[in-house]
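Going down the list, the sequences are from chains A and B. Going by UniProt numbering, 333 is the number at position 333 of the first sequence; the sequence numbering is gapless. Going by UniProt numbering, 483 is the number at position 483 of the second sequence; the sequence numbering is gapless.
Treat the hints as calculated values from the structure; they're not laboratory data. Warning: the hint list may mix true and false statements.
Copies of one chain are not kept apart here, so a pair can be met inside one copy or by any two copies together.
To be verified - Taking lysine-lysine pairs in the BS3-like style, the calculated list, with each CA pair at most 27 Å apart, reads:
id, residue 1, residue 2
1, 620, 537
2, 537, 288
3, 620, 632
Please read these numbers as outputs of a predicted model, since none were measured by experiment.
Protein chains: 2
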Amino acid sequence: MATETAPPQTPTPEGAYVQPRIDVAALQAVLDGKYAEIRNLVRSNLADYASVLEDAETMSVDDYRERVKEIVVEMAATGQTGMGFPESYGGGGDIGASIAAFETLAFGDLSVLVKVGVQFGLFGGAILQLGTKEHHDAYLSKLITGELMGCFAMTETGHGSNVQALGTVATYDVATQEFVITTTREDARKDYIGNAAKHAEVAVVFAQLHVAGGSEGVHAFVVPIREGGKPCAGVRIEDDGLKMGLNGVDNGRLWFDEVRVPRTSMLNRFADVTPAGVYESAIENPNKRFFTMLGTLIQGRVCVGGAGINAAKVAMTIATKYALHRRQFEATSEDEEELLLDYGMHQRRLFPLLARTYALHFTQERVAGELHDILSGVVESEHRQRELESLAAGAKALGTWHATRTIQECREACGGAGYLSINRFAALKADTDVFTTFEGDNHVLLQLVAKGLLTDYSSEFSDLDQFGMVKFVAGLAVETVLERTNVHKLLERIKDVLPGGDDGWDQEAGLLDSDYQLTMLRFREEHMLGGVARRLKRGIDQKMNPGAVFSRVQDHVIGAARAHVERLVLEAFVEKTRAQPDGDLKVALNLLCDLHALSTIEADRAWFMEHGRLTTARSKAISREVSSLCRKLRPLAGDLVDAFGVPPEMLRSPDLVRPGLVGGA
Amino acid sequence: MATETAPPQTPTPEGAYVQPRIDVAALQAVLDGKYAEIRNLVRSNLADYASVLEDAETMSVDDYRERVKEIVVEMAATGQTGMGFPESYGGGGDIGASIAAFETLAFGDLSVLVKVGVQFGLFGGAILQLGTKEHHDAYLSKLITGELMGCFAMTETGHGSNVQALGTVATYDVATQEFVITTTREDARKDYIGNAAKHAEVAVVFAQLHVAGGSEGVHAFVVPIREGGKPCAGVRIEDDGLKMGLNGVDNGRLWFDEVRVPRTSMLNRFADVTPAGVYESAIENPNKRFFTMLGTLIQGRVCVGGAGINAAKVAMTIATKYALHRRQFEATSEDEEELLLDYGMHQRRLFPLLARTYALHFTQERVAGELHDILSGVVESEHRQRELESLAAGAKALGTWHATRTIQECREACGGAGYLSINRFAALKADTDVFTTFEGDNHVLLQLVAKGLLTDYSSEFSDLDQFGMVKFVAGLAVETVLERTNVHKLLERIKDVLPGGDDGWDQEAGLLDSDYQLTMLRFREEHMLGGVARRLKRGIDQKMNPGAVFSRVQDHVIGAARAHVERLVLEAFVEKTRAQPDGDLKVALNLLCDLHALSTIEADRAWFMEHGRLTTARSKAISREVSSLCRKLRPLAGDLVDAFGVPPEMLRSPDLVRPGLVGGA
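Between the sequences and the hints, there should be enough to build the whole structure, so can you do that?
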């Protein structure tokens, strides 16, 4: 690696390690990528409204909700929140920029973030993606400015993950040319709906469409729910009450008692009902139709994943800065106490998470770029669209779990001080907690990923009902899956990749060779996927109930999906690192990338040993190398978190991020 | 195992598994143990004051603090909180009962719990354990009723874990026969002190004792800090402000500006200053003296560990009950959706945590029993005392980490509903978060455990300064350690334990043989400990700086400590299970105990493979057995959580714990 270090440094013996110097601004430019400008606009808006972090603690829930709404509307006026809408309606016409803006907003108060997500992402996104020109003309301009507030009424108390089983019904009444929206049973009330308790005037309501006695599946309708602050006739609204966090967002419940809306209220991009009551859609297969509709809404998932990663950056920044000046216990000297970050354990706790934050950041950049290309029509490929949906689901799961884990570890690494609200972890923990659940429960999302892999993204079979999925995989496609995941073939291919061919696994390939690291993750993914397919097939062959088969294989299914996404994450990081020009920055990113790869392998080294891809000696060598990489990263840690560019106002933590008071001389 | 099932069941072929039926009341009696009566008093008090769970959400911080104080005083009147004090002062004279009462209180609002801990455990405990008759007469009766509120002012902003480095100074003034208490520098302010911001009238202040120009180390002094609601002269008090949780407890900061207290204010059980200014102590070695003083305060650690375990029970109860009626997605049937608890993944998420909750419960029972015997003088052994301190530290770390992890997993397992405050997880998460830090940071505590093991509980070397510890271990005692942790000798011993001797590891010993399971954990512990000793010695032999050696070995040190505590936890569970009379209850506990043992081994199976104790085939067999045990526990899950005896009023969660509304037909 030393051959890659920058010229300004003193020449060293071949192969010796030279510690790189990081140009923080240059690294931030790499992280910010092509959306630096919008990211900086958001950073500056965040700093302007920094007081909301305190308002969240001091205001009553009602006042805090109003304050958050105000800020959202004021930020909208800067153009920050409308980037994803067409310019003809006052938007920015750049989906990639809209995601970058949203992600960056996650450095600040997360109620503001989620309110923005609800208004412009969920509500605005549904109007844009599921509606047609009439709806765009009626709503987009007003919702982009925040003049019209709306909500996205999909989830019900009884059904969150299984959207196809919703209980709300919209029946077409041909006599009046209206839809009649009804909450058919108590657990079909809409629930946890952001903006519903207080601010939304209209809702996009997802309901089972009944036309002429037939049921056509779930469709979306624009329904006025509030006028002059009062619920509309037939609409009952209840406040969801206090939540663990995000209390600046007014979540609520909605019941509909035969609420009538005109025929044109149906968001009819993919299906429509004629005035005479005939159901029409260009997409014949009902599953495929439903999946196509939902597919247009994946931007929310991409946004939440990115928000999780950026919230983790705030926690990493605070914990790292604290460990860079906090001393406790004499260790290397009998006179001075040791810096926390000089403890091996502290490095082990923080640095793999730091490396993973970088890895997920670059993955997110790739996902957002792909989403931009597909939604903007730069790329038109149904297969790519399905792949993107899968990637978005997987990245959301990994990004949000990473947030939960990182924020917790960073809080603990700041000791008792981390418990005070002024030090940010309280809000970070409470507000991000639901990220693992909303926009798709992470476990359900990983099943979606696995289903895509097992069925080669077949859109014929597109819901999440495991009963059908098992039969499908075990029946039609299993040979294909086994073909695609043939481990022997993979081993053949590997001979071309690793020095030493098949022996290269354990002997000749260097641990720091990214081809070796990627091959390990690819092997795991394909082996697990093949194993799942075989186990499903075996269960069906033995005439077991498909559901029972699925239940037994479920952790394997989810493991395979996770292995797939982990491989994509490492690929994104490796590609980004390789693309950098030679120099110190590349050296530093290489260290992080190696640490991410090896700590990922280390975490699952039992599996690699069980499947003959690691000897016990090499497994131990990986653990030693992880510790060694941590020591190399120690002097770079401060720069590596500074490059995230979290505005200082967002850190608060006066006693943690500044030397002086705490851990003094 | 079938041979152990109860007579009422139908006879089955030899070896076939018969599902046990659980008598919930009988199982609760096993869990409650000999303190069922006091536990039931607390359960009933909790139910009486159930409204505080709502008050925590609806009241202002000031009102909530007052309400919590009120409840604490009213509960004190029932005798519940004074169990640990001598009967002559109005206490219950039963330390075991006082721990049982405290643990049970963790089913309810945790601000009440922590306020009780501060007042009766920390403040009252310091007066009782560090003071002498004069202090007991002056304070105990009044503090037991809550008439006199106090606080425990040990932690400073600059020093939490390293108590020996505190900056507050108490200088003896021979002229006036007073101590002068002074905050010598800004980071020596007392911080995070419960009861300090509002309610405490006196503080037990830990300060460096200066007498006649010499420094005698940290000692404790009773210092009035507030009178008629106003700070006393020379005392400055600041509110710590809003915290992540526990906002019913008034944490604050204290500064002392030459505050004078009479000579008799020093808590003088272990050391004293004569009127003429001569320092006297029966314990010559200052380290040992300090450690002896701190050692009397371990009850707090035992209590927090127990509280963590019981908070986890609340979360487990809610998540299990929810999964027993919530349905989502068609799986085994095309007509009805599947119960969450019938999904293999859901079982895998919850059941190992449930088994571990039982394991930690029985460990806690052992720790509390040992503490009772030692503090009550039933047992007098310095070695046992040191072992207890180590066990208490380790059990606190594992118990509180278990709480954090279990509450998080249970929240996620309840989906979006888990995010609403009414469903308890918000408070459980926020309030327990600091458990991993207070009463000793978990990582520091595990270092303490390791130090005890490496030095055979030598009290000569009793602080936590790693510099000295490394030299000590590497120098004096390393041969002893290596002797005690000789893996070859262990392997010899194992031949007597396992069927098939050394081959028994992998071939003949059954996975469900608890001797096999215990041997695995014991091997890991001793091997890791020996490895640590060798690495420390090697580093010193190579003339490395002891601190640098320690930093590199630190994760190994902590791993060894954790391995030690894990072995003790399994031992406690195995012993408890073996002690049960034959019958269904024993069968059920055996299933749980096997699941706990095997999922513990599974979690670290990489280590066992790396160290030749598991073949890859057997490793995979363990994972299969864990899944199989989960399926066997599935029908018992509801009873297993009911036996915790969490009062229904403490669960709240109306939509989660009762069938009906949610996931309806």
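Status of each hint after checking the structure:
no.: 1; hint: 620 / 537; result: between (36 Å within a copy, 20 Å between copies)
no.: 2; hint: 537 / 288; result: within (25 Å within a copy, 66 Å between copies)
no.: 3; hint: 620 / 632; result: within (19 Å within a copy, 36 Å between copies)
Hint compliance for this structure: no hint is broken.
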